[in-house]
Amino acid sequence: MDRDKIIEGSGLSYHYTIYDDEGKPAAEQAALDGVDLHVEKGQFIAILGHNGSGKSTLARHLNALLTPDEGTLYVNGYDTRDAQYLLKIRQSAGMVFQNPDNQIIGSVVEEDVGFGPENMGLPTKMIWERVEKALKAVGMWKRRGDSPARLSGGQKQRVAIAGVIAMRPRCIVLDEPTAMLDPGGRKEVLQTIRELNEKEKITIILITHYMEEVTSADQVFVMDHGKIVMSGSPRQIFSKVEELQSYRMDVPQATLLAWKLKQRGLNLPDGILSVEELVDALNQL
Amino acid sequence: MLREITLGQYYPGTSILHRLDPRVKLTGTLVFIVSLFAFSSVSSYLAATAALIVMIVISEVPPGFMLRGLRTIFLLMLITALFNMFLTPGDPIVKVWKLQITREGVEMAIHMAFRLSYLIIGSSIMTLTTTPNQLTDGLETGLHWMNRIHVPVHEIAMMMSIALRFIPILMEETNRIMSAQISRGADFESGGPIRKAKSLIPLLIPLFVSAFRRANDLALAMEARGYHGGDGRTKMKPLIYKKRDRVAYLIIAGYAIVMFLMWKYGKIKLPFLP
Amino acid sequence: MELRLEHVGHIYNPGTTYERRALDDVCMTIGNGEFIGLIGHTGSGKSTLVQHLNGLLLPSEGKIYADGEDISAEGYPLRKLRFRVGLVFQYPEYQLFESDVLKDISFGPKNQGLNPEEAIQRAREAMRSVGLDESYETRSPFELSGGQKRRAAIAGILAMNPEILVLDEPTAGMDPGGRTEILQLLKKLQEERGITILLVSHSMEDVADYTDRIIVMEEGKILWDEKPSKIFSRIKELEKISLAAPQVSYVMAALHESGWDVDPSVTTIDQAADEIEAQVRKRQAAAGHAAAQVE
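Residue numbers (this note's numbering), protein chains in the order written: chain A, 1 to 285; chain B, 1 to 274; chain C, 1 to 295.
These aren't lab readings, by the way, just hints derived from the structure by calculation. Check each hint, because a few of them may be wrong.
Okay, the calculated bits of chain C under chain A, using three or more residues with CB under 8 angstroms as the criterion [what the hints assert, rightly or not]:
#1 96 to 107
#2 144 to 151
#3 246 to 252
Not close to chain B: a few residues of chain C, all C-beta gaps over 12 angstroms, as computed [unchecked claim]:
#4 E93
#5 I120
#6 E219
#7 A287
This one's a predicted model, so the numbers in the text were calculated from it and none came from an experiment. Ideal Cβ positions, reconstructed from N, Cα and C, are used throughout, including at glycine.
Use the sequences and the hints to build the structure in full.
Written out as structure tokens, the structure reads:
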């Protein structure tokens, strides 16, 4: 086993069973089909894919909410199929879900953040220290006494992230954390994630279908039909506009515009990621 | 909008009652309720009334709030009183056709009206000064011994607190689905009871589906955060008795003793009835 | 049909501590078969405004006229208005309830008072226009994929044959492929059937690509009501109210600033590509010409 790897998954397969009207198993559907995923500690990984591509199933494996039918998955060195490591795995790889309302358990912000440490059986004093640190890390310390109902979507997701950080994970898996947020909320959450990656050196695995969110990732994986079909740096991925579109993905407008201009014979570099890059490249023509 | 309205009866404040350990308040309420049913003398009524007034004053909750609870059960009180008046056998005072009002009936009716209203006021004092969360915490810690007789106290308390958290969300959702179905021409108002009940299907099915989806999501989220039932779980806000709680227990005990003595020795008939 | 809003204001929970003004002096007219975008950050009053358009909410101030008739007037048939102004809520799949897709979609037409055959006929047409074929008719709406559910729910509104279709973020939570499908469906409905579309959206790119007119809301008021090119030339002002312009507008503005002779009000990728290409060719030609002169 590689010490620098937080996630080591090889040949992961997972099938859902489809039941007929009488409740008998009728068919099997592959949600993961031979996925290899290796993630180094401290990286920022993005996993892209359309709805139903298997990316959420993969995410749930990383937290041992699901275990592979075939293949092996080690999270922080623990085999996810070994039930005795369950709590350790969930402590190592925290998970943030899509719907902000359905993952907040406490009726007060601070109590929700304390939920994980309580489950870990930590002494009260230590729970408070962790809650304070976690809420400060996501910039929600001032709202600790509030009811979650009074928070915006972005703030709720930040609380959910704090709830995960309070368990001191090595890695956070975020399963479409911004899908239900408005642009302001999306920015808030992304900024929080980036800071955690840079300052706290927490490994981030961000699952999303918003392309703008992955431009600062170290590595991007694209999934389709339960397989990883593309992988590489954002620049490498974004230079393959047509391939991405064939997987029902999109690229940011600046990238698309650059690609179209290139098609028309303009001499622009591959995989332009932002407005600034495009304007610079055009000015240098 | 709905989320803004605080659920339950809690009236935010910092009075000594607000700060008491919820277990003390639960015990106090229980003792008070038991004492209500031992009322038999004027002096015990006076003692209970005095206790209630003192509690209302130190709770710093406007008395109007306390009495609000009474309004909702007024009808129930009226019916109970009428039943008692007419159906208790004894010395008739008034006789109309086959119905008769007995002296015992009137006495009973008065007793019941007092008991019910004291019961409501007494428990409102508790709910108004205790957040739903503290209440479930109090129940969980206070009833911990029931684990030994295989009552899943932690799980029940967890269920209660989650239900409390989700009620406003589901209320909002109900509104939203209702608006969506009204936009499709659904009519929730007209027609007889059967049609009305049928017209609720487009509201209830989506609501159930959504409640199940949320429950499923929440279960996943709890599991992902290492939830594995009450075993080995610690508390962020453990309930620890302070001096004021011990004093409060003493006062409750004193009240209980006084009430017991009055019940045992002081059977005085209500003076305004012959 | 035409909906005209005159000085509409709305106050929630008037006279209580929760009193809150959500709309303030809103004036607008919609309904000429246009594709209109409604933008504004969360809490700017969009959702409240949208619920006034089919009479779910009635104005606290001002008047709304549907084809000249005051919808707040006593005895005004609000239910009929709801069939003419179709309102698709956010996450509309949460309203599905019937045992099969066809029955669910025919719920609206049945409420309209159509007989069962007509209602089924309408439902079939609506299914076809959202791209759900016959094989879906007998399937339970709950076993469809997310995107299919969303389309079935939109079909449920379409089956009422509305003249105005109002959609509150119909693409929320969908993947890019699904988003494009929904938006193209709306464009088709507008072009082929002349339905007025009012699209509430957080995506500046989407409204820039699909609409002919954009209404911007801020603090319950209509700030601007203009063509996309006009709206998105106000990049700085939009950012002040936590909105933005499409990336293309930023590119064009930046190029314009650094001396390119391009139209900064361009809002779609193809237009932008045309403008930039023309400029580059012109520059290259000029450079070639200059080079030729040097020689």
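Do the hints match the structure? See the list:
1. 96 to 107: violated (count 0)
2. 144 to 151: holds (count 3)
3. 246 to 252: With 5 residues in contact (Cβ-Cβ under 8 angstroms with chain A), the coverage given for the stretch 246 to 252 of chain C holds.
4. E93: violated (9 angstroms)
5. I120: At roughly 16 angstroms from the nearest Cβ of chain B, I120 of chain C sits farther out than 12 angstroms, so the non-interface label holds.
6. E219: holds (18 angstroms)
7. A287: The assertion about A287 of chain C holds, with a minimum of 60 angstroms to chain B.
In terms of the numbered hints stated before, the structure departs from hints 1 and 4, listed from lowest to highest.
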